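Order-wise, the sequence lines are chains A and B.
Residues 0 to 199 in numbering that gives the first Met the number 0 are what the first sequence lists, from first letter to last.
Residues 0 to 199 in numbering that gives the first Met the number 0 are what the second sequence lists, from first letter to last.
Hints were generated in silico from the structure; no laboratory data involved.
Only a predicted model underlies this, so the values are computations on that prediction, with no experimental measurement involved.
Be aware that one or more of the hints could be misleading.
What the hints assert, rightly or not - Listed below are several chain B residues computed to face chain A (Cβ distance under 10 Å; list not exhaustive):
hint: 1; residue: Phe10
hint: 2; residue: Gln37
hint: 3; residue: Ala59
hint: 4; residue: Glu61
hint: 5; residue: Phe63
hint: 6; residue: Gly99
hint: 7; residue: Arg131
From the three backbone atoms N, C-alpha and C, an ideal C-beta is built for every residue, glycine too.
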Amino acid sequence: MGKKYKEVFLKNTWYENPVFVLVLGICSTLAVTNNLKNTLIMTIGVMLVTGFSNLTVSLLKNLIPSKVRMMTQVLIISFYVIIVDIILRAYLPDVSKALGPYVGLIITNCIIMGRAEAFAQSNDPIISFWDGITSGLGYMIVLVAIAFFRELLGFGTIFGYRVMPENFVNWTIMIMPPSAFFMLAIFIWIVKGFKKEGAK
Amino acid sequence: MKEKKLYTIIFTFVVSFVFVLILSYINFLTYDKIVENQKFSKISAVLNSMGIEYKDEKDALEIFNSTVKEIELGGLKFYVSTVNGEKVYAYVFSGNGLWGTINGVICVNENVDRIIGIDIISHNETPGLGGRIEENWFKNQFKNEKIKGEIKLVNTQELGDKDKDNSSVDAITGATLTSKFFIQIVNNSLAEIRKALRGE
Chain A
0 MGKKYKEVFL KNTWYENPVF VLVLGICSTL AVTNNLKNTL IMTIGVMLVT
50 GFSNLTVSLL KNLIPSKVRM MTQVLIISFY VIIVDIILRA YLPDVSKALG
100 PYVGLIITNC IIMGRAEAFA QSNDPIISFW DGITSGLGYM IVLVAIAFFR
150 ELLGFGTIFG YRVMPENFVN WTIMIMPPSA FFMLAIFIWI VKGFKKEGAK
Chain B
0 MKEKKLYTII FTFVVSFVFV LILSYINFLT YDKIVENQKF SKISAVLNSM
50 GIEYKDEKDA LEIFNSTVKE IELGGLKFYV STVNGEKVYA YVFSGNGLWG
100 TINGVICVNE NVDRIIGIDI ISHNETPGLG GRIEENWFKN QFKNEKIKGE
150 IKLVNTQELG DKDKDNSSVD AITGATLTSK FFIQIVNNSL AEIRKALRGE
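Build the full structure now, drawing on both the sequences and the hints.
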């Protein structure tokens, strides 16, 4: 039993990582990675939504008619995203303000629907929940790593605290969308290099 | 086959009904808190634009209730207070940004020849790019800025335009359009305020 959980964990965070292997969720990877705090909160949102929507889909899987399967999944996903949005607005208004439309856009993250369709439809609830959480974690690792370098070089800060010396000239390109493409590509390049080493 | 169709319809209906019901209940539970947050963000924006300092939410509410008055002048709603012996007028503005409505507060002196300050209540600009209109270096540029005709955008080498007499503010790098739209909103609001306060 424990072995299966470990397998799912390794698969979702490394061997079949949703971002750098399956290349899913790229839109938000490019858009919300220039500020660590926003990135972290958004990815925690994705993690929870993926976990709970997987759990719910798995619980309902025998009841859902196949014709409206996708529609039901979208309904469940949006249900959890709206809950995340409401909680942020009620208890973390500043973050909700900073993330703006990106919370609502979690709905369109293909990782969530991908996991619901590929895993939760054919597995038990608990392991589906675990699969969702670990997929979200795999996504979070990549985004946080990219955001770390973008914020460090673009603003000279980490989580808003200045770490670079005063005379450091900010690389404005790092805050702008193009740098996300470069950073993601470099990230995938390095990771693929590691994977090849491992395969030998 | 007919039964299956009926089941699909009933299932879809029931599932939607249940999820929406839960959502509306959660919304109902947090509604007061969200309204309170929105009210507070407006009050704090008014105080910030006037340059009045406060410690926390309660403190802000007290200061607001005791020193700020709501009046109507020339068809516009103003929040009026006296800061450092000078009468200041705060006006809640709303206008189009690049992606959505920007709501904020602009505060001017009685002659409408100086901006006392500016604050943002809500916006939908890209986090890290246009979203930087919320950052202090950008907002502080408007503090005590002289109004000579229209406020203009300039590009300075450093972060923010320090000259308070040139009626200019530094645009945000990577967010030229948001900066332009924002300045337009500011100028439109100033024109309206001038009309209301000085009848020009």
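Comparing the hints with the structure gives:
The closest approach between the C-beta of Phe10/B and any C-beta of chain A is roughly 6 Å, which is under the 10 Å cut-off, so the hint is satisfied. Checking Gln37/B against chain A: minimum C-beta separation of about 8 Å stays under 10 Å; hint holds. At about 14 Å, the closest approach between the beta carbon of Ala59/B and any beta carbon in chain A exceeds 10 Å, and the interface hint on this residue is violated. The criterion of a C-beta within 10 Å of any C-beta in chain A is not met by Glu61/B, whose closest approach is roughly 20 Å, and the hint is violated.
Interface restraint check for Phe63/B: the shortest CB-CB distance to chain A comes to about 17 Å, outside 10 Å, so the restraint is violated. Annotation: Gly99/B was flagged as interfacial toward chain A, and the flag holds, the nearest CB pair being 8 Å apart, inside 10 Å. For Arg131/B, the shortest C-beta to C-beta distance to chain A is roughly 9 Å, which falls under 10 Å, so the interface hint holds.
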